[in-house]
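Listed in order, the protein sequences are those of chains A and B. The opening position of the first sequence corresponds to residue 25 in this note's numbering, with each subsequent residue numbered one higher. The opening position of the second sequence corresponds to residue 2 in this note's numbering, with each subsequent residue numbered one higher.
Watch out, some of these pointers could steer you wrong.
Straight-line distance between alpha carbons at most 30 angstroms, and here's what the computed DSSO-like set of lysine-lysine pairs gives [what the hints assert, rightly or not]:
{"#": "1", "chain 1": "A", "residue 1": "443", "chain 2": "B", "residue 2": "189"}
{"#": "2", "chain 1": "A", "residue 1": "112", "chain 2": "B", "residue 2": "23"}
{"#": "3", "chain 1": "A", "residue 1": "465", "chain 2": "B", "residue 2": "208"}
{"#": "4", "chain 1": "B", "residue 1": "23", "chain 2": "A", "residue 2": "425"}
{"#": "5", "chain 1": "B", "residue 1": "48", "chain 2": "A", "residue 2": "465"}
{"#": "6", "chain 1": "A", "residue 1": "224", "chain 2": "A", "residue 2": "508"}
To give an idea of the interface, some chain A residues facing chain B are shown, with a C-beta separation under 8 angstroms as derived from the structure [claimed, not checked]:
{"#": "7", "residue": "356"}
{"#": "8", "residue": "424"}
{"#": "9", "residue": "425"}
{"#": "10", "residue": "429"}
{"#": "11", "residue": "438"}
{"#": "12", "residue": "453"}
Simulated from the structure, these hints should not be mistaken for laboratory data. Note that this is a predicted model, so its numbers are computed, not measured. Even for Gly, the Cβ is constructed at its ideal location relative to N, Cα and C.
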Amino acid sequence: MRANYRINSGVRFELLSQDQLVELFGGVLHVLEYTGLDVYHDEARDILKKAGAWVDGLRVRLPSYLVKKSLQLAPRSFTLWARDGNPKHNIHIGPGRSHFGPGPTCPNFTDIETLERRLYVKSDVPLVARVVDALPNIDFCESLGTVNDVHHELGALYEFAGMFPNTSKPIVAWSYDRFDSTGIHEIAISEAGGQAAFEKRPNYVHYCEPLSPLTSTFEAIDKLLFAARHRVPLIFTPCPISGGTGPITAAGMVIQGAAESWMGLTVAQAVQPGLPFIMGGVYSALDMSSMILAYGAPELSLMMAGITELAHFAGLPLWQTGGCTDSKTFDEQAIIEGSLSVFFSALTGGDLTHDVGYTESGMTGSVFQLAAMDEAIGYSRRITRGVDVNDDTLAVEVIHKVGPNGHYLRQPHTRRYYKNEFWYPNLCDRRNYEEWEMMGKTTMKDRTVARVRGILATHQASPVKPETERMIEKVLAEAENRVKEQ
Amino acid sequence: MSRIYEQLSTALLEGDAEQTPKLVQKALKEGLVPKDILDNGLVVGMKEVGVRFKAGDMFVPEVLMSADAMQSALQVLRPALVASGAKLIGKVVLGTVKGDLHDIGKNLVGMMCEGAGFEVIDLGFNVDPEKFVDAIKVHRPEVVGMSALLTTTMRAMALTIKAVEEAGLRERVKIMVGGAPVDAAFAKRIGADGYGSNGPAGSDLAKKLAGAA
Numbered sequence: 025m026r027a028n029y030r031i032n033s034g035v036r037f038e039l040l041s042q043d044q045l046v047e048l049f050g051g052v053l054h055v056l057e058y059t060g061l062d063v064y065h066d067e068a069r070d071i072l073k074k075a076g077a078w079v080d081g082l083r084v085r086l087p088s089y090l091v092k093k094s095l096q097l098a099p100r101s102f103t104l105w106a107r108d109g110n111p112k113h114n115i116h117i118g119p120g121r122s123h124f125g126p127g128p129t130c131p132n133f134t135d136i137e138t139l140e141r142r143l144y145v146k147s148d149v150p151l152v153a154r155v156v157d158a159l160p161n162i163d164f165c166e167s168l169g170t171v172n173d174v175h176h177e178l179g180a181l182y183e184f185a186g187m188f189p190n191t192s193k194p195i196v197a198w199s200y201d202r203f204d205s206t207g208i209h210e211i212a213i214s215e216a217g218g219q220a221a222f223e224k225r226p227n228y229v230h231y232c233e234p235l236s237p238l239t240s241t242f243e244a245i246d247k248l249l250f251a252a253r254h255r256v257p258l259i260f261t262p263c264p265i266s267g268g269t270g271p272i273t274a275a276g277m278v279i280q281g282a283a284e285s286w287m288g289l290t291v292a293q294a295v296q297p298g299l300p301f302i303m304g305g306v307y308s309a310l311d312m313s314s315m316i317l318a319y320g321a322p323e324l325s326l327m328m329a330g331i332t333e334l335a336h337f338a339g340l341p342l343w344q345t346g347g348c349t350d351s352k353t354f355d356e357q358a359i360i361e362g363s364l365s366v367f368f369s370a371l372t373g374g375d376l377t378h379d380v381g382y383t384e385s386g387m388t389g390s391v392f393q394l395a396a397m398d399e400a401i402g403y404s405r406r407i408t409r410g411v412d413v414n415d416d417t418l419a420v421e422v423i424h425k426v427g428p429n430g431h432y433l434r435q436p437h438t439r440r441y442y443k444n445e446f447w448y449p450n451l452c453d454r455r456n457y458e459e460w461e462m463m464g465k466t467t468m469k470d471r472t473v474a475r476v477r478g479i480l481a482t483h484q485a486s487p488v489k490p491e492t493e494r495m496i497e498k499v500l501a502e503a504e505n506r507v508k509e510q
Numbered sequence: 002m003s004r005i006y007e008q009l010s011t012a013l014l015e016g017d018a019e020q021t022p023k024l025v026q027k028a029l030k031e032g033l034v035p036k037d038i039l040d041n042g043l044v045v046g047m048k049e050v051g052v053r054f055k056a057g058d059m060f061v062p063e064v065l066m067s068a069d070a071m072q073s074a075l076q077v078l079r080p081a082l083v084a085s086g087a088k089l090i091g092k093v094v095l096g097t098v099k100g101d102l103h104d105i106g107k108n109l110v111g112m113m114c115e116g117a118g119f120e121v122i123d124l125g126f127n128v129d130p131e132k133f134v135d136a137i138k139v140h141r142p143e144v145v146g147m148s149a150l151l152t153t154t155m156r157a158m159a160l161t162i163k164a165v166e167e168a169g170l171r172e173r174v175k176i177m178v179g180g181a182p183v184d185a186a187f188a189k190r191i192g193a194d195g196y197g198s199n200g201p202a203g204s205d206l207a208k209k210l211a212g213a214a
């Protein structure tokens, strides 16, 4: 029997001390109480006012007790369910669990056949979803693009309609407005078996994006209200750009972003107490020469680690960011930037890490980047899993048994552990030179392209129910009619 | 073809060292020809082990389990093979060269060669060139395999080949080399007949060099 003995499950990582977190937390409450946000939604301002907020025109300020109450109402742990009941595709949100997936809304896409950059189209959606479904370290699905070849108001709906049947992993659904949200929700509850069944086992998350600095736009809040009323787990993800739409310092960025998130939290919890709420989002530097939001900057990892720790301190899960790059192509820069941010996200235990597969600073989605990052995530997860210390792993007996100049390959101890103790690469090459030469001297890029094409040639997700297929057709037909009438 | 061959190769593939000797016994009792049991059961299984290892679907500890299952099967089968006068596909003499105490890779090659149907004479590690020469005289193998892990002991391979030449035996045997620092270019430079990069590659090479592939 052990006594007074501490076990580290995984690698310990800590950016901020408890004192620093208390100070940051106080900073957020201060901003919400003294500065407040502009909320461009009449109904939401009424809801907030009733809840105890101070409303003056558009400006809403939140007393700190109200924010603290809202934080208490939101759960830290909950499950996002695979639509087909496959337990491997469920996502259990909770302390020490990081998950990964692509991001939404890139205008361009890296073509699967030509590898050239071109506009993202409707037929790309199922491909991305099928690759997500097949990759072992990708846990949730977004589309990596904005559908350009349908009516400009229907992109988000076509996106969900394309993803949902092609992966059973939980989907993070982005939308333009309440119309999209309604259609998306009808498809999802059709598969779940109705609203009540969906509330028990939600199979998608709704994604809303407020504006920085300190602005709750009508669309963001309107979608939030829809999600809250239908009990759809919610991601509320600001994207302040340090030096532009957010302060230049990392600490200031964390405070402003958290304030933007917690305005959404307060509305959501006032409408639907206990709604799963995941705060966001993307925090990075404004590159002071190219004026882009740098997706490959070290500051992204640092700021994301800061906001992750603050979220966990406050008892909320976080929408992390990683696996993305400013590179325009599949090259060394893409792999360095993507892998480092993936590793950092894994270390922080950020709950849902998105934008895996973003290239060109979010302008081009790439399933090749996504597949390469699947490898980096597997690699990172092996490290963060840490070292197991117990009587059997100490291996003292087997060390004695093998003795000097023996070997361990035949030992039952080796056979017992070699599959779990070691990580086995899918894409990284460890062959000797001759074999590598014999296999065609392939590069990481060659192997990644082959893997993606191999998945697309063979992998199909489990099908949706027939009634869901019919619902998808109905929702799309109704949406087409609606935009025709305009 | 008897179902027992299939069971035997499956048990081998699964590395089931308890099942394989029992299955061999059963096959012998059923009156199957020892050479057929080897060729149609065991060798088929080991061949598949090699294929899966190459494809990255099996790992070294599993290959060793299969090799163990092969050896325990051979213990039962060998007397019957000898009694029946069946000819194995050839003999391989193996050893880690002088100055080098590493023998994992060499052992793997040995097991895979046995699995491929060779008789294997393992000289162990830290083997003097003279000992290789003597073994060639005594056992008359088709193939001699040498292994080294260290860049410092690689040179002993060249010295061993030279000793074989000086003894006038070079034309009688094919020589293959392997080990972490060794490559095909080095093999050629020192006058070896081939290079194998791992266990299964080593046994494939032995088969080729013995004219049995």
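Outcome of the hint check:
Straight-line distance between C-alpha atoms of residue 443 (chain A) and residue 189 (chain B) comes to about 37 angstroms, which puts the hinted pair past the 30 angstroms bound. Between residue 112 (chain A) and residue 23 (chain B), the direct Cα distance comes to roughly 39 angstroms. Violation of the 30 angstroms bound is thereby established for this hinted pair. Restraint check for residue 465 (chain A) and residue 208 (chain B): satisfied, since their Cα atoms lie roughly 26 angstroms apart, inside the 30 angstroms limit. Of the pairs offered as hints, the one joining residue 23 (chain B) and residue 425 (chain A) holds, with about 29 angstroms between alpha carbons and a cut-off of 30 angstroms not exceeded.
Between residue 48 (chain B) and residue 465 (chain A) the CA atoms are separated by roughly 26 angstroms; this keeps the pair inside 30 angstroms, and the hint holds. Proposed proximity of residue 224 (chain A) and residue 508 (chain A) is contradicted: the alpha carbons are some 36 angstroms apart, above 30 angstroms. For residue 356 (chain A), the shortest C-beta to C-beta distance to chain B is roughly 25 angstroms, which exceeds 8 angstroms, and the interface hint is violated. Proximity of residue 424 (chain A) to chain B is violated relative to the hint, the smallest CB-CB distance being about 19 angstroms (cut-off 8 angstroms).
Checking residue 425 (chain A) against chain B: minimum C-beta separation of about 16 angstroms lies over 8 angstroms; hint violated. Contact between residue 429 (chain A) and chain B, as hinted, is supported at the beta carbon level, the nearest pair being about 6 angstroms apart and thus within 8 angstroms. Evaluation of the residue 438 (chain A) hint against chain B yields a held restraint, the C-beta minimum of about 5 angstroms falling below 8 angstroms. Annotation: interface hint on residue 453 (chain A) violated; nearest CB of chain B at approximately 11 angstroms, more than 8 angstroms.
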